[in-house]
Amino acid sequence: MRRVCVIGAGITKFVRRAKETGKELSFEAARMALDSAGMELADIQSVAEGTAPDAFDGLHMKAEYLSDGSGAFGKPYTRSYVGGGTGVFLGAHGWWHVASGMFDTCLVVGEEKMSSCFPHPQGAFLTIFDNFTERPLGPNLVWIFALEMNRYMTRHNIKKEDIALVSVKNHGNALDHPSAQLGMKITVDDVLKSEVLAYPVQRLDISPTSDGAAALVFCTEEVARKYTDDPVFVDGVGWHLDTSYWTDRDLYYPKYVEKAAKMAYRMAKIDNPRKQIDFAEPYDPFDYKELHHMEGLQLCGKGEAPVLTREGVTQRDGDLPTCPSGGALGVGNPIAATGVMKLCEMFWQLRGEAGKRQVKNNPNTAVAQAWGDLMQVGTVVVMRRGGARP
Amino acid sequence: MSRVAIVGVGRTQLRPVSPELSYKELMFEAAVRAYDDAGVEPRGDIGSFIGVSEDFWEGTSIFDEYVPDQLGGALRPVCTIGNEGLHGVATAAMQIMTGQVKVAAVESHSKLSEVGRPLKVMQMALDPVLNRPLDFNPHVLAGIEMARFLGDSKALRNDCARVVAENRAAAMDNPYAAYPADLRAGEVMGSADAFSPLKEMEMSGPADGAVVVVLASEQKAKGLKGEPVWIDGMGWANDTPTLEARDWATARYAKLAMAQASKMAGYPAKKADLFEIDDTYAYKEIQHAAALGICKPGDFRKLIDGNGPPVNPSGGSLGCGHILDATGLFKLAEAVEQLRGTAGRRQVKGARRALVQSWRGVPTTSGAVVLLSGNDAGPAGAGKGAVA
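Line by line, the protein sequences are chains A and B. Letter by letter, the first sequence follows residues 0 to 389 in numbering that gives the first Met the number 0. Letter by letter, the second sequence follows residues 0 to 387 in numbering that gives the first Met the number 0.
These aren't lab readings, by the way, just hints derived from the structure by calculation. Glycine included, each C-beta is placed from N, C-alpha and C at the ideal position. A hint or two may mislead.
[To be verified] What follows is a list of derived Cβ distance ranges for each label pair:
1) B/W247 x A/D249: 52 to 58 Å
2) A/F117 x B/R344: 35 to 41 Å
3) A/K18 x B/M171: 55 to 61 Å
[To be verified] Once the Cα atoms are required to be at most 27 Å apart in a straight line, the calculated DSS-like pairs of lysine-lysine come out as:
4) A/K261 x B/K269
5) A/K184 x A/K355
6) B/K101 x A/K254
7) B/K254 x B/K269
8) A/K158 x A/K254
9) B/K270 x B/K153
10) A/K18 x B/K119
11) A/K12 x A/K159
12) B/K221 x B/K270
13) B/K153 x A/K225
14) B/K101 x A/K268
15) B/K23 x A/K254
16) B/K295 x B/K269
17) B/K270 x B/K301
18) A/K355 x A/K12
19) B/K348 x B/K224
20) A/K359 x A/K274
21) B/K295 x B/K153
[To be verified] Here's a subset of chain A near chain B, in silico, CB distances under 10 Å, partners left out:
22) F124
23) D129
24) M266
25) T378
Whole structure, please, built from the sequences with the hints as guidance.
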């Protein structure tokens with residue numbers, strides 16, 4: 000198995016409504032990633048695209064439309080898609096392009112333009128439910144996550160105050176991210192007093208809808224050494240998708256994230272994630288999801304994530320920083336681009352290039368994760384700073 | 000580098016309508032047949048499931064939500080590839096080439112009969128700023144391209160009509176086909192003008208159906224029941240999506256994809272004993288044959304006359320029906336049957352190598368190519384086994 004490196008990353012600003020088309024956003028991110036790697040498009044052998052529902056952009060076969068903006072003109076080009084898990088899944092998608100031996104270089108691009116969906120992108124989510132059993136009820140995505148959040152809180156007797164700490168941390172961390180849409184200093188009280196959307200979900204528990212794109216350059220170790228002394232390695236990838244019948248599951252724990260994480264850890268030869276992982280970028284479209292996912296990622300026991308958060312362990316200067324980027328809550332949540340933003344954050348943090356966001360524990364190994372569909376899919380990528388493969 | 004084999008194929012019959020079956024039942028039927036053919040048990044043996052679909056055709060956003068159960072993939076690695084079926088095969092093959100996955104399944108289907116307004120869906124693929132406001136029927140793009148392709152050649156015009164007659168006649172021998180017919184080129188030319196110069200009968204008809212293909216690593220394939228057919232080469236490419244910027248005369252995407260596949264396999268298109276290539280519209284079969292390097296457009300009638308390897312012995316999309324992004328998988332399954340010698344009355348005698356090619360239809364310039372060889376085909380070329 001060839002070892003795969005990351006040598007460049009790029010990201011647009013995440014905003015509620017971008018004036019650029021999705022194609023232009025993709026171009027901006029891809030251009031930045033190439034510039035940061037010191038490459039030209041001619042150096043790229045294949046392109047891996049990720050973008051979530053076509054209903055957001057209102058484009059059928061959205062990836063075909065985005066292709067030239069993402070640098071795929073005249074090149075091998077594939078689009079992968081697992082709902083909200085798409086962004087981090089792109090880490091796996093780009094990885095197999097290079098690790099398979101098919102290509103030496105691959106440009107990985109994640110794009111989402113949610114603002115095209117009028118009057119609000121939440122409307123697109125009405126079309127994700129089962130045509131027969133669920134859609135006639137007119138369900139809303141926030142409702143089903145309220146069910147999950149409630150179940151998680153009930154099972155472990157978790158207080159909303161502890162969950163709100165995630166929102167406070169991530170919105171605060173995002174103040175240091177130049178691409179952030181919603182960096183702000185807030186308090187637990189602000190979260191608890193924000194508008195109730197579907198109890199227990201309140202406005203400040205939930206990430207914004209966003210437009211944006213992010214990109215990475217993947218290549219072999221041999222190619223990487225020509226461009227940089229400091230590549231970052233993609234050492235583990237994993238993904239699992241659970242049954243469509245989400246109502247048959249106990250929602251208190253994301254088993255599919257655990258399975259995806261174990262698949263990635265096995266590949267990265269990680270047997271004790273709590274000790275071997277220095278920081279994490281779990282998917283946080285809702286504040287409780289960061290906690291839920293830390294448990295799925297085996298970074299703590301079931302029900303323990305709120306305790307770690309309360310004790311400050313997950314702060315940037317803690318032992319296990321989580322979402323030092325500001326996460327989906329703070330940086331914004333243009334679905335597929337969000338996951339790539341998390342991969343970018345691992346790249347910058349592991350190279351010590353994250354500026355004011357830099358975590359303090361001199362990290363060597365990090366994990367990013369995303370989640371999506373009907374509370375159903377987990378996608379996981381492990382990255383490492385230089386050094387030999389363990 | 001270890002080779003990748005196709006070890007199982009399963010298909011439903013293609014039909015213009017299938018009111019008594021849901022898409023899940025179609026998928027299940029194809030999957031059961033493919034797993035049985037390969038001799039694999041999905042819950043234990045298959046390491047990756049890949050669905051190839053597009054949300055708007057399904058009428059459901061984030062369609063991968065509804066893929067796992069009927070494939071046996073619940074709580075297993077499952078993903079969607081939003082391209083053509085052959086891109087899904089290439090993805091599965093790459094996953095196997097990494098060593099992380101040993102056996103993978105690729106699924107795609109069409110339930111076009113349940114799409115209320117298919118033209119509206121196709122219109123949503125047009126550039127929303129430059130093209131969609133013009134509110135045209137997207138098949139117009141095929142008419143424009145055909146006109147450019149034909150130029151002044153009256154001979155080529157008749158060859159296009161002959162392609163329809165040939166493919167629909169070939170489909171008479173194919174139990175999976177939805178549109179078999181005994182026709183003459185004159186009858187095709189006598190059909191209504193659709194998007195001039197394109198005639199109504201020169202457009203493949205819509206069909207419902209599902210296809211599942213099982214792939215395995217060389218090591219794994221040798222221990223399975225299904226007779227392996229080997230992937231010698233694969234390639235895929237996009238030309239520009241912008242209508243105003245593309246070369247309307249040639250299928251550049253097919254040429255680029257073929258170059259990649261040939262480099263990997265170490266042999267050109269002409270080494271194949273049969274071709275299953277895209278014929279969404281009749282002229283496309285000739286245009287694609289040229290782009291792939293099978294023969295020049297002016298020489299294509301020699302192949303129609305039977306002087307050379309057969310093109311679309313299955314009956315193609317014109318004879319079998321068009322099943323959206325499952326079309327490439329259906330053609331791949333046909334090629335596998337041919338190389339195993341199990342294609343029944345449509346069997347090409349002595350077939351050892353096959354070329355399969357797909358295109359995603361208007362308005363795209365996305366195409367893929369797979370080169371296959373039978374288990375006892377012998378050495379074909381000194382390919383690198385990869386492009387890089």
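Hint numbers not upheld by this structure, sorted from lowest to highest: The structure breaks hints 2, 4, 9, 11 and 13; every other hint is satisfied.
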